[in-house]
Amino acid sequence: MRFHLDNGVADIGAFRQELLRLDAGGYCSFEGWVRNHHLGKDVLHLEYEAFAPLALKQGELLVEQALSRFDILDARVVHGLGKLMPGELAVWIGVCAVHRASAFEACRFLIDAVKDTVPVWKHEFYADGSSVWVDPTTCTCSAHNHSDKA
Amino acid sequence: MKVTVLYFALLKQRRGLSEECVQTDAASVGGLYQEVNARHGLGMEANQIKLARNEDFCAASEPLADGDTVAFMPPVSGG
Numbered sequence: 018m019r020f021h022l023d024n025g026v027a028d029i030g031a032f033r034q035e036l037l038r039l040d041a042g043g044y045c046s047f048e049g050w051v052r053n054h055h056l057g058k059d060v061l062h063l064e065y066e067a068f069a070p071l072a073l074k075q076g077e078l079l080v081e082q083a084l085s086r087f088d089i090l091d092a093r094v095v096h097g098l099g100k101l102m103p104g105e106l107a108v109w110i111g112v113c114a115v116h117r118a119s120a121f122e123a124c125r126f127l128i129d130a131v132k133d134t135v136p137v138w139k140h141e142f143y144a145d146g147s148s149v150w151v152d153p154t155t156c157t158c159s160a161h162n163h164s165d166k167a
Numbered sequence: 203m204k205v206t207v208l209y210f211a212l213l214k215q216r217r218g219l220s221e222e223c224v225q226t227d228a229a230s231v232g233g234l235y236q237e238v239n240a241r242h243g244l245g246m247e248a249n250q251i252k253l254a255r256n257e258d259f260c261a262a263s264e265p266l267a268d269g270d271t272v273a274f275m276p277p278v279s280g281g
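Here the protein sequences line up with chains A and B, keeping their order.
So the first sequence is numbered by my numbering: it starts at 18 and just counts up by one.
So the second sequence is numbered by my numbering: it starts at 203 and just counts up by one.
These are calculated hints, taken from the structure and not from any lab test.
One should not assume that every hint holds.
Claimed, not checked - Simulated crosslink set (DSSO-like; lysine-lysine; CA at most 27 angstroms straight-line):
no., chain 1, residue 1, chain 2, residue 2
1, B, Lys204, B, Lys214
2, A, Lys100, B, Lys214
3, B, Lys252, A, Lys74
4, A, Lys100, B, Lys252
5, A, Lys132, B, Lys204
6, B, Lys204, A, Lys74
7, A, Lys100, B, Lys204
8, A, Lys58, B, Lys204
9, B, Lys214, A, Lys58
Said to hold, decoys possible - Chain B regions said to be covered by chain A (calculated; three or more residues, Cβ under 8 angstroms):
no., region
10, 203–213
11, 247–258
12, 266–277
For every residue, glycine included, the Cβ atom is placed at its ideal position computed from N, Cα and C.
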């Protein structure tokens, strides 16, 4: 499996090791970190919920798409589940390729596609006691760079 | 027919359940959502949510069958 949901036990180093191949000249990795602020509010923690069977299916499909669209050798994606604190890893993506350009492109494609299509939802809990299920359709945070949605 | 409905995130919060069994005559997955929305006031229209039938994304027009499991999903916010 190339796409994984992690309840806190995933060994990212082991996934990187799976990508370490002698015919690869470039490796690109992305890490999505839990941030301690969003839209001006202090974030205490967040919780990710998933429709796991469909998330795994969709995640595998995305990695297959990356493998066919970009000149890469392999890729892995890990998405965190459950309660995460600021500073913890929400998403990890690794891509290896013969040359670096494709690795960068595929890595970018994967994080954008994961955010757009995988059935995972973020529940944010704030210092003022409030909490919200993040709605990507109304998020106006200028720091975001949402990919085009069809 | 008898269908299992799965709710996620904000829809789960509004319905107050993550899962339930419903009796329905709805012909499609979208039709079932409209039925459930009308009954419980989920606060989202069918065209605002994503639907799945038996662990596959589906269109609102997807025909419903006895024993199906459908999922009603708000816009995703992973990553």
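Structure-based check of each hint:
1. B:Lys204 x B:Lys214: At roughly 20 angstroms apart (the allowed maximum being 27 angstroms), lysine 214 (chain B) and lysine 204 (chain B) satisfy the hint.
2. A:Lys100 x B:Lys214: Holds, at about 18 angstroms.
3. B:Lys252 x A:Lys74: holds, 15 angstroms
4. A:Lys100 x B:Lys252: With Cα atoms ~24 angstroms apart, lysine 100 (chain A) and lysine 252 (chain B) stay inside 27 angstroms; holds.
5. A:Lys132 x B:Lys204: violated, 33 angstroms
6. B:Lys204 x A:Lys74: Within the cut-off at roughly 25 angstroms; holds.
7. A:Lys100 x B:Lys204: Given pair lysine 100 (chain A), lysine 204 (chain B) is violated - Cα atoms ~34 angstroms apart, limit 27 angstroms.
8. A:Lys58 x B:Lys204: violated, 44 angstroms
9. B:Lys214 x A:Lys58: holds, 24 angstroms
10. 203–213: holds (count 4)
11. 247–258: Satisfied; 5 residues make the cut.
12. 266–277: holds (count 4)
In summary, the numbered hints that this structure violates are 5, 7 and 8.
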